[in-house]
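Which chain is which? The protein sequence lines are A and B, in order.
Per my numbering, the first sequence starts with residue 1, numbered consecutively.
Per my numbering, the second sequence starts with residue 1, numbered consecutively.
Heads up, some of the hints might be wrong.
Cut-off 20 Å, straight-line C-alpha distance, at most; resulting in silico cross-link-like pairs (DMTMM-like, lysine to aspartate or glutamate) [claimed, not checked]:
1) Lys250/B / Asp71/A
2) Lys29/B / Asp71/A
3) Lys129/B / Asp69/B
4) Lys29/B / Glu39/B
What the hints contain is simulated information worked out from the structure, not anything from laboratory work.
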Amino acid sequence: MATEHNHHDQVGHVVPLPILGGVIAALMVLTWATVFVTNFDLGSLNIFIALGIAVVKGALVVLFFMHLRWDAPINGIVLISALLLVFLFVGFALMDSAAYAPDQIPGYAPLINP
Amino acid sequence: MTDSHGSEGHPAHLQHHFDNDRQQFSASKLGMWLFLATEILLFAGLFVAYAVYRSNHPEIFIYASQFLDTTLGGINTMVLLLSSFTMAWGVRAAQLGQKKLLVSLLAITLLGGFGFLGIKYVEYEAKWKHGLLWGVNFNPASHDDHGEDAGHAAVEAEEVAPAPVVTEAVTPEGLKFEPTVVPPSATGPAGTVEPDDGVDHDTGVQPENVQIFFGIYFLMTGLHGIHVLVGMSLIFWILLKSMGGAYGPKYFTPVDLVGLYWHLVDLIWIFLFPLLYLIH
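Throw the hints in and build the complete structure from the sequences for me.
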């Protein structure tokens, strides 16, 4: 952004108030939308819509509230690296657990509270 | 661009191993982002537990999530989002040297934290009351005093099944017998009415191992709640400092970094809310 380099003494970027206001309004609407869409049974689509809305909300928070849109790229690289590791972690754990059939043997799963 | 009014040739807030305010700020911020990355990975472990259990036993999650109060969860989401907004605005106020505005915005943010934990307490209390807990503590049938506030399934069951009436049997001679529990006719031996055990019998049988959901629910929301507490303590600390005028356009790093932490707490909740409350 242009304002960042306006004067040398300025530390960090000052986010304009209208942008902050617009972001919180969008977050509120998206929160309402994610609750509203639960009323419809869309099968396996429901979880993807819910996660999609959450990703959009998270992106808004990260880019504007957390200043990442105007930040040094290294901070974004740190965040994206962490998210990639989360994807690896969740993805491989799911692939692995799909390779077993825990319910094939009746009563195999231990009942804590039968 | 070294300022010359500090005791060692630089302003008090600027450590002497940094060239200038901007460099010091960038370094602090990078450090904070590295810490936030480890926080994300910490929560990732719980998200993995969630994903594996849900993919293996979707029926548990569909059944159990109906005991969570979507309205309270939604209100809490909005409370946390609003406090994130006031926090981001607070960073802006600090950058522009608006001291009074900064103090009020931090106070509002702190109030948001209290609001979130207050609502969370109401939710936890309802779970506790109905025995909707983790592991061996999951025992919805053993809790028969359903208060004013309940999971809707329990309320439904309560409406249908009247509570057993304890009566004292008295003989003509006036001899008292032991008090007996006389079941109302509606709960006859054939079981025309389902027992009041907190199970929603309209949607089918309670699947096995429902306690797994509540274990995951309490771990995820509990760890998140601890983060809210930590964030509130940090906000309280910078609130006190900002009342003393510690922050301004040249130095607002603690406000910015505490803000980043608070936004991360918000970010985690943005994912927890649909994953736990909005399961279809």
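Taking 20 Å as the top limit, are the C-alpha atoms of Lys129/B and Asp69/B close enough?
holds, 14 Å
Given the hinted pair Lys250/B and Asp71/A, is their Cα-Cα distance within 20 Å?
Holds - the C-alpha atoms of Asp71/A and Lys250/B are around 17 Å apart, at most 20 Å.
Between Lys29/B and Asp71/A, is the straight-line Cα distance small enough, at 20 Å or below?
holds, 9 Å
Is the hinted pair Lys29/B and Glu39/B satisfied, with a Cα-Cα distance of at most 20 Å?
Answer holds: Lys29/B to Glu39/B is near 15 Å, not above 20 Å.
Hint check: no violations occur; every hint is consistent with the structure.
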